[in-house]
Amino acid sequence: EDQVTQSPEALRLQEGESSSLNCSYTVSGLRGLFWYRQDPGKGPEFLFTLYSAGEEKEKERLKATLTKKESFLHITAPKPEDSATYLCAVQAGGDSGYSTLTFGKGTMLLVSP
Amino acid sequence: DTEVTQTPKHLVMGMTNKKSLKCEQHMGHRAMYWYKQKAKKPPELMFVYSYEKLSINESVPSRFSPECPNSSLLNLHLHALQPEDSALYLCASSQDLIPNWRRPGNTIYFGEGSWLTVV
Numbered sequence: 001e002d003q004v005t006q007s008p009e010a011l012r013l014q015e016g017e018s019s020s021l022n023c024s025y026t027v028s029g030l031r032g033l034f035w036y037r038q039d040p041g042k043g044p045e046f047l048f049t050l051y052s053a054g055e056e057k058e059k060e061r062l063k064a065t066l067t068k069k070e071s072f073l074h075i076t077a078p079k080p081e082d083s084a085t086y087l088c089a090v091q092a093g094g095d096s097g098y099s100t101l102t103f104g105k106g107t108m109l110l111v112s113p
Numbered sequence: 001d002t003e004v005t006q007t008p009k010h011l012v013m014g015m016t017n018k019k020s021l022k023c024e025q026h027m028g029h030r031a032m033y034w035y036k037q038k039a040k041k042p043p044e045l046m047f048v049y050s051y052e053k054l055s056i057n058e059s060v061p062s063r064f065s066p067e068c069p070n071s072s073l074l075n076l077h078l079h080a081l082q083p084e085d086s087a088l089y090l091c092a093s094s095q096d097l098i099p100n101w102r103r104p105g106n107t108i109y110f111g112e113g114s115w116l117t118v119v
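If you're matching them up, the sequences are chains Z and V in order. So the first sequence is numbered by the numbering used here: it starts at 1 and just counts up by one. So the second sequence is numbered by the numbering used here: it starts at 1 and just counts up by one.
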């Protein structure tokens, strides 16, 4: 069974204090690992897709990396507007060939000014 | 900005009402999804349509009835719901349900969601 574990559950940072969020996964036949940002009461907003170990992607203050067992979302010099819940999800091959998402429980990030 | 549009944004309904949630995308995606999300929980998959045919039903109670009138539209018909069905209902879409070698994974794009309260 595919499993995704995110840590920490919650993280409080001061503005400008860089940190990383972790997503560890167990999946057979990884097709992709996805990071989403979700603001309260809204749908998840797509951030990154990572397909293979060693891959890295960046967007503004965010950088996502992938190994064979985990992914990190690095936040450099965060701002209060980066406060949100960050969701990690994996997409595996599956016996049916279908590729649906298995989500972690998310990390709630709060950045204080 | 999300290109998956959901209406209404908020819905309050009684347990005997019949209502519908609507979703539209114009990205040419052939797979469309309904997810349910409770507070402080990750989204849970309910249904998936691929090329306008129901491909996945995650053992969802029959009081939820999905419909895909065409490749751009997805509806979720609601009838005789229970208070515990109150949640954020998310529509999503992706290029395909089954990836191929050109595109090993399918990015799934979500709408803003419809907040449903059952009273």
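Honestly, the hints are just simulated from the structure, not real lab data. Treat the hints with care, as some may be off.
Here are the simulated DSBU-like cross-link-like pairs (lysine-lysine), alpha carbons at most 35 Å apart as the crow flies [stated by the list, open to error]:
(1) Lys59(Z) with Lys22(V)
(2) Lys38(V) with Lys59(Z)
(3) Lys19(V) with Lys41(V)
(4) Lys57(Z) with Lys19(V)
(5) Lys57(Z) with Lys41(V)
Estimated spans, in silico, between C-beta atoms of each pair [to be verified]:
(6) Pro40(Z) with Val119(V): 34 to 44 Å
(7) Met15(V) with Gln3(Z): 33 to 43 Å
(8) Pro69(V) with Phe46(Z): 17 to 27 Å
(9) Gly41(Z) with Arg63(V): 43 to 53 Å
(10) Lys53(V) with Arg61(Z): 38 to 48 Å
(11) Thr117(V) with Ala77(Z): 38 to 48 Å
(12) His77(V) with Glu81(Z): 34 to 44 Å
(13) Pro113(Z) with Arg30(V): 21 to 31 Å
(14) Tyr51(Z) with Lys53(V): 40 to 50 Å
(15) Thr76(Z) with Met15(V): 47 to 57 Å
(16) Glu15(Z) with Leu54(V): 21 to 31 Å
(17) His74(Z) with Arg63(V): 37 to 47 Å
Beta carbons are placed, not taken as given, at the ideal position from N, Cα and C, and that holds for glycine.
Each hint tested on the structure:
1. The suggested pairing of Lys59(Z) with Lys22(V) holds, with an alpha-carbon distance near 31 Å, which does not exceed 35 Å.
2. A threshold of 35 Å between alpha carbons decides the hint, and for Lys38(V) with Lys59(Z) the separation of about 29 Å falls inside it, so the pair holds.
3. For the given pair, Lys19(V) sits about 25 Å from Lys41(V) by alpha-carbon distance, which is consistent with the 35 Å threshold.
4. The suggested pairing of Lys57(Z) with Lys19(V) is violated, with an alpha-carbon distance near 42 Å, which exceeds 35 Å.
5. Distance check on the hinted pair: Lys57(Z) and Lys41(V) sit about 26 Å apart at the alpha-carbon level, within 35 Å; holds.
6. Distance hint for Pro40(Z) and Val119(V): a CB-CB separation of about 22 Å, inconsistent with the stated range 34 to 44 Å.
7. Checked against the given bound of 33 to 43 Å, the beta carbons of Met15(V) and Gln3(Z), roughly 36 Å apart, stay inside it.
8. Separation of Pro69(V) from Phe46(Z) is about 25 Å and conforms to the stated range, judged on CB atoms against 17 to 27 Å.
9. Between Gly41(Z) and Arg63(V), the C-beta spacing of about 24 Å breaks the proposed range 43 to 53 Å.
10. A beta carbon spacing of about 42 Å between Lys53(V) and Arg61(Z) agrees with the range 38 to 48 Å that was offered as a hint.
11. For Thr117(V) and Ala77(Z), the Cβ-Cβ distance of about 39 Å falls inside the hinted range of 38 to 48 Å, so the restraint holds.
12. The hint said 34 to 44 Å for the Cβ distance between His77(V) and Glu81(Z), and at roughly 37 Å that hint holds.
13. At about 44 Å, the CB distance of Pro113(Z) to Arg30(V) disagrees with the hint of 21 to 31 Å.
14. A hinted range of 40 to 50 Å is violated for the C-beta pair Tyr51(Z) and Lys53(V), which are about 27 Å apart.
15. Between Thr76(Z) and Met15(V) the CB atoms are about 49 Å apart, so this pair conforms to the stated range of 47 to 57 Å.
16. Range check, Glu15(Z) to Leu54(V): about 47 Å between beta-carbon atoms, so the 21 to 31 Å window is missed.
17. His74(Z) and Arg63(V) have their C-beta atoms about 43 Å apart, which keeps the hinted 37 to 47 Å range intact.
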